[in-house]
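Asks: Now for the letters of each chain:
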Amino acid sequence: MTNLEKYNNAFIENFEITEDQLPGLKYQDVEAWDSVGHMGLIASLEEAFDIMMDTDDIIDFGSYEKGKEILAKPAYGVEIG
Amino acid sequence: MNRIWDLGKFAGKTALLEENGAEMSYEALETESRRLAEAAGHRCLTFILCRNTIGSVLGYTAFVNNGIVPVMVSSHLEENLLENLLAAYQPEYIWAPEDQAGEFPGMAVVYEACGYALLKTGYEKQYPLYEELGLLVTTSGSTGSPKLVRQSYTNLRENAASIAEYLKLDDTERPITTLPMNYVYGISIINSHFLTGATLLLTDKGLMQKGFWEFFRSAGATSFGGVPYTYEMLFKLRFFRMNLPSLRTMTQAGGKITPELHEKFAEYAAETGKNFVVMYGAAEATSRMGYLPPEKALEKKGSMGIPIPGGKFTLIGEDGREITQPRTTGELVYEGKNVTLGYAERGEDLILGDERNGRLETGDMAQFDDDGYYYIVGRKKRFLKIYGNRVNLDEIDRLIKAEFGIETASAGTDDHLYIFVTEEKIAEPVREFIIGKTKLNPAAFRVKVIPEIPKNEAGKTLYRELAGYYA
Numbered sequence: 001m002t003n004l005e006k007y008n009n010a011f012i013e014n015f016e017i018t019e020d021q022l023p024g025l026k027y028q029d030v031e032a033w034d035s036v037g038h039m040g041l042i043a044s045l046e047e048a049f050d051i052m053m054d055t056d057d058i059i060d061f062g063s064y065e066k067g068k069e070i071l072a073k074p075a076y077g078v079e080i081g
Numbered sequence: 001m002n003r004i005w006d007l008g009k010f011a012g013k014t015a016l017l018e019e020n021g022a023e024m025s026y027e028a029l030e031t032e033s034r035r036l037a038e039a040a041g042h043r044c045l046t047f048i049l050c051r052n053t054i055g056s057v058l059g060y061t062a063f064v065n066n067g068i069v070p071v072m073v074s075s076h077l078e079e080n081l082l083e084n085l086l087a088a089y090q091p092e093y094i095w096a097p098e099d100q101a102g103e104f105p106g107m108a109v110v111y112e113a114c115g116y117a118l119l120k121t122g123y124e125k126q127y128p129l130y131e132e133l134g135l136l137v138t139t140s141g142s143t144g145s146p147k148l149v150r151q152s153y154t155n156l157r158e159n160a161a162s163i164a165e166y167l168k169l170d171d172t173e174r175p176i177t178t179l180p181m182n183y184v185y186g187i188s189i190i191n192s193h194f195l196t197g198a199t200l201l202l203t204d205k206g207l208m209q210k211g212f213w214e215f216f217r218s219a220g221a222t223s224f225g226g227v228p229y230t231y232e233m234l235f236k237l238r239f240f241r242m243n244l245p246s247l248r249t250m251t252q253a254g255g256k257i258t259p260e261l262h263e264k265f266a267e268y269a270a271e272t273g274k275n276f277v278v279m280y281g282a283a284e285a286t287s288r289m290g291y292l293p294p295e296k297a298l299e300k301k302g303s304m305g306i307p308i309p310g311g312k313f314t315l316i317g318e319d320g321r322e323i324t325q326p327r328t329t330g331e332l333v334y335e336g337k338n339v340t341l342g343y344a345e346r347g348e349d350l351i352l353g354d355e356r357n358g359r360l361e362t363g364d365m366a367q368f369d370d371d372g373y374y375y376i377v378g379r380k381k382r383f384l385k386i387y388g389n390r391v392n393l394d395e396i397d398r399l400i401k402a403e404f405g406i407e408t409a410s411a412g413t414d415d416h417l418y419i420f421v422t423e424e425k426i427a428e429p430v431r432e433f434i435i436g437k438t439k440l441n442p443a444a445f446r447v448k449v450i451p452e453i454p455k456n457e458a459g460k461t462l463y464r465e466l467a468g469y470y471a
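Protein chains in written order, with the working numbering: chain A, 1 to 81; chain B, 1 to 471.
What the hints contain is simulated information worked out from the structure, not anything from laboratory work. Quick caveat: nothing in here was measured; it's all calculated off a predicted structure. Virtual Cβ for every residue (Gly too), placed ideally from N, Cα, C. One or more hints might be untrue.
What the hints assert, rightly or not - Non-contacting residues of chain A with respect to chain B, defined by C-beta distances greater than 10 Å in every case (computed): (1) Asn9; (2) Gln21; (3) Tyr27; (4) Glu31; (5) Glu69; (6) Glu79; (7) Gly81.
Claimed, not checked - Calculated cross-link-like contacts (lysine-lysine; reagent style BS3-like; alpha-carbon spacing at most 25 Å): (8) Lys26/A / Lys210/B; (9) Lys168/B / Lys312/B; (10) Lys26/A / Lys437/B; (11) Lys439/B / Lys460/B; (12) Lys66/A / Lys210/B; (13) Lys26/A / Lys274/B; (14) Lys401/B / Lys460/B; (15) Lys274/B / Lys168/B; (16) Lys210/B / Lys68/A; (17) Lys236/B / Lys73/A; (18) Lys236/B / Lys66/A; (19) Lys26/A / Lys439/B; (20) Lys210/B / Lys73/A; (21) Lys6/A / Lys68/A; (22) Lys6/A / Lys236/B; (23) Lys68/A / Lys236/B; (24) Lys385/B / Lys236/B; (25) Lys301/B / Lys380/B; (26) Lys425/B / Lys437/B.
Based on the sequences and whatever the hints tell you, model everything.
Replies: Below, the structure is given as structure tokens:
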């Protein structure tokens with residue numbers, strides 16, 4: 001599985017949405033992306049990429065696109081593409 | 001006549017501060033409250049569609065302090081559930097965010113303030129209100145039943161004063177909202193802090209949002225409240241590494257926190273000179289019944305503490321007698337002036353007086369230790385707490401049966417609800433239906449397909465046998 005597929009799957013599975021909903025998706029755009037859903041998303045991403053995210057990055061992770069930027073940071077080194 | 005708070009005595013002190021910088025002094029809150037109450041005109045029933053904003057708190061304060069009885073519901077309440085509640089109680093007004101006023105065509109806006117509008121519903125019927133009735137709240141989670149808890153002015157005053165006493169609140173406190181204000185825990189924070197002239201920091205942002213923490217730091221929050229799931233999230237956020245010098249007190253209620261998390265937060269509090277206060281309560285007791293004094297937080301891990309000032313606990317055994325031996329399980333009974341009047345199921349019930357006489361059978365099974373500290377060990381009734389919201393399992397079963405006409409049974413543990421059905425093809429629709437009704441995060445719900453729902457010879461569901469599927 002590519003990094004992009006893993007990244008997308010974390011959103012699709014946690015929020016029970018489809019791939020076409022992902023571009024531009026922001027926190028609270030769908031009901032399932034609330035604080036509970038956010039925690040689930042972060043846990044899935046940490047597991048998928050074997051990383052541990054910092055507090056500031058977890059709370060800054062406000063959109064589908066922002067998440068890609070955060071994961072590309074040197075601390076995680078995950079290029080989503 | 002002020003029913004609960006003497007807001008004017010705190011004069012120019014800031015009562016409310018929003019994340020966007022908007023604020024309101026106690027003096028202004030007093031004046032604005034009077035204006036709003038005058039616009040409503042007389043003692044009557046009003047719905048408040050709650051958000052954590054100045055307009056929402058203004059409505060609550062104005063109504064309760066001036067003898068108008070609010071029904072507190074979330075501004076996100078599912079449309080059908082709101083319609084059911086409105087039909088059952090026929091309020092004279094709805095105090096709604098201006099951006100939601102359009103959802104009520106045909107209702108005239110008679111007053112506006114702070115982003116909220118007072119809508120005259122036009123219902124002809126007005127149910128008479130018992131003279132001491134002050135506030136109506138849902139029992140945490142709402143799964144469609146129009147059942148409300150009837151709270152009196154005495155209940156509100158007594159519980160707020162007791163909380164302010166045991167938390168040692170003063171006018172330097174700046175609690176930040178982490179809970180919706182239609183939730184009794186959220187209401188109790190407002191009630192107790194307005195007694196002492198504190199400043200409420202209002203935001204609808206959550207712990208998982210950067211804006212929440214920016215506001216927390218810039219406004220110098222001194223306390224917050226959380227349900228068990230809040231503390232799980234904070235732990236996941238590596239909260240212990242955050243630098244929060246203004247924070248003094250963390251309170252916990254809305255269900256039993258795991259002993260492991262209790263210990264971690266108590267240790268953090270001890271190391272950083274903060275307080276971690278585990279509490280116990282229910283909407284039927286206005287809000288709070290017990291608390292664990294923060295200096296005992298580590299020593300009494302897993303305990304919800306002792307009765308609040310003015311309250312009393314007893315344990316009743318299966319034989320109906322009071323338990324006097326430590327470490328013996330019985331049903332927890334609470335007595336105090338914050339025990340509410342009773343329930344309402346429809347408008348006609350609003351005239352009912354006090355049905356409980358200061359005594360509440362909590363439905364929780366508990367024990368006390370040698371020092372008189374109480375521990376919740378189980379529940380007598382079939383409900384779960386999902387992210388701090390009470391979800392009645394019998395009601396879930398009824399909703400599904402009514403919608404799908406199938407055999408079903410629900411069970412589970414806090415934050416994990418399992419719905420059992422016997423047909424594969426119905427599993428996903430059932431799950432979606434319940435998520436839509438409860439408006440709780442889907443992560444809490446699982447549907448399991450089993451060959452048949454276990455029942456005894458009398459046709460009663462054997463819930464205990466279901467535990468094998470999830471325990």
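Asks: Which of the listed hints are not met by the structure?
Replies: Violated hints (numbers, rising): 3, 4, 11, 13; every other hint is consistent with the structure.
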